[in-house]
Amino acid sequence: MTDQVLGVRDGGAGASIIDIKGEVTARSEDALMGAFLEANESRPHSILLNFTDLEYMNSSGIGLLVTLLVRTKRQRQQLFAYGLTDHYRQIFELTRLDEAVGIHDTEGDALAAAGAS
Amino acid sequence: MTTDDESRTTPEVEVVEVEASSGEVVEEIKTARDAANWAQLTGALTVGEVPAEARNINVTGRRQTGPMQGFGKMWQKTYRVSLGAAVTPNEVISEWKAKFPNFWPEGNRFYGPLTGIAPGDVALLNLTMPGRLKLSTGVLVLYADEESFTFMTPEGHMFAAFITFSAFEDKHGGTSAQAQVLLRANDPLFEIGLAAGGHRQEDKFWIHTLEALAAHFGVTPDVDTQVVCVDKKRQWRNAGNIRYNSAIRSSIYMMGTPFRALRRSSR
Chain U
1 MTDQVLGVRD GGAGASIIDI KGEVTARSED ALMGAFLEAN ESRPHSILLN FTDLEYMNSS
61 GIGLLVTLLV RTKRQRQQLF AYGLTDHYRQ IFELTRLDEA VGIHDTEGDA LAAAGAS
Chain L
1 MTTDDESRTT PEVEVVEVEA SSGEVVEEIK TARDAANWAQ LTGALTVGEV PAEARNINVT
61 GRRQTGPMQG FGKMWQKTYR VSLGAAVTPN EVISEWKAKF PNFWPEGNRF YGPLTGIAPG
121 DVALLNLTMP GRLKLSTGVL VLYADEESFT FMTPEGHMFA AFITFSAFED KHGGTSAQAQ
181 VLLRANDPLF EIGLAAGGHR QEDKFWIHTL EALAAHFGVT PDVDTQVVCV DKKRQWRNAG
241 NIRYNSAIRS SIYMMGTPFR ALRRSSR
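For the protein sequence lines, the chains are U and L, in the order given.
Heads up: the first sequence is residues 1 to 117, going by the numbering used here.
Heads up: the second sequence is residues 1 to 267, going by the numbering used here.
Note that these hints are calculated values from the structure, not bench results.
Heads up, a few of these hints could be off.
Cβ-Cβ distance ranges computed for the label pairs, FRET-style [claimed, not checked]:
#: 1; chain 1: L; residue 1: L262; chain 2: U; residue 2: T85; range: 54 to 62 Å
#: 2; chain 1: L; residue 1: I192; chain 2: U; residue 2: R43; range: 36 to 44 Å
#: 3; chain 1: U; residue 1: M33; chain 2: L; residue 2: P258; range: 52 to 60 Å
#: 4; chain 1: U; residue 1: G12; chain 2: L; residue 2: T128; range: 55 to 63 Å
#: 5; chain 1: L; residue 1: T220; chain 2: U; residue 2: R76; range: 45 to 53 Å
#: 6; chain 1: U; residue 1: R27; chain 2: L; residue 2: I192; range: 33 to 41 Å
#: 7; chain 1: U; residue 1: G7; chain 2: L; residue 2: H199; range: 17 to 25 Å
From the three backbone atoms N, C-alpha and C, an ideal C-beta is built for every residue, glycine too.
From just these sequences and the hints, can you work out the full model?
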């Protein structure tokens, strides 16, 4: 999905939110990294990934999230995720991404965790 | 060969609430489109039946690892070869899965299921290393679909890695095959090994694999390699991974071989 458009918005309290839409595969790299750059314009201390509208993600998509995680660590930011279905929560556990990314049910929970970190 | 603990499975269905025409809220079962493509969640890896010559000393009971659990610098290595227009991406992946060990360099063995490569499979690897060391390790098939498949490595493997094999239509309208490794050395010893020739060995391994794949499809291979250091920082909190180091454990196992043979013959 080369024309994928990801929403970026200010979550307040030093957090930026990236709204993931559709598919996350190897073809999403430009869109995801572009959204990450846009999210960083306000120099947030936390990045939140909203997976509510995620339709599909394959292993290349997980690889992209690992790369994104490294970029947030490099900038001393925290990475959070919310809105994952049970299926994708278990994929995060399977790939052990859950050990490095804070996972929450709702945007409010994720923002609260970001504010507390 | 499958992962253990079938009771903890990745849910294949999700129940969602929808409003029916009568206004009544009913439950609808929605199947996750990719559920069958992922391995099932498991506590520890288990290897099924394998040939007698396959060594399983570093896989059973270990957990799978990705780059987040490794120690060394993080690298993304991409090896790509053009296969022309005579073959489709699906045909390439189907053949690659079915004959995966055939494309490996000589002296390295992949003991997987006879049926090919499927999500959740655990395969044993017996690899020839410098100093005549036979390193015993393995991989978990994390993901597999018609156009790609991905391995995760167990604790103690040289790398904490995702290794993705894929085929796709390239910009020339033909098909390209690719192996992409996202890795960190698992512990300080393997990190030293990578710097002291390990990277070169790794590159040779995958270039050979793609050359053999291309030759299988009757194409003269020209493998393109791209190496990117994604993270220069080492994760010192994971230095203790060395307790599972498969090279150390394989060396100790090899040193014990004469004693085991002696014990068997004296029975």
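Unmet hints by their number, sorted upward, for this structure: 7
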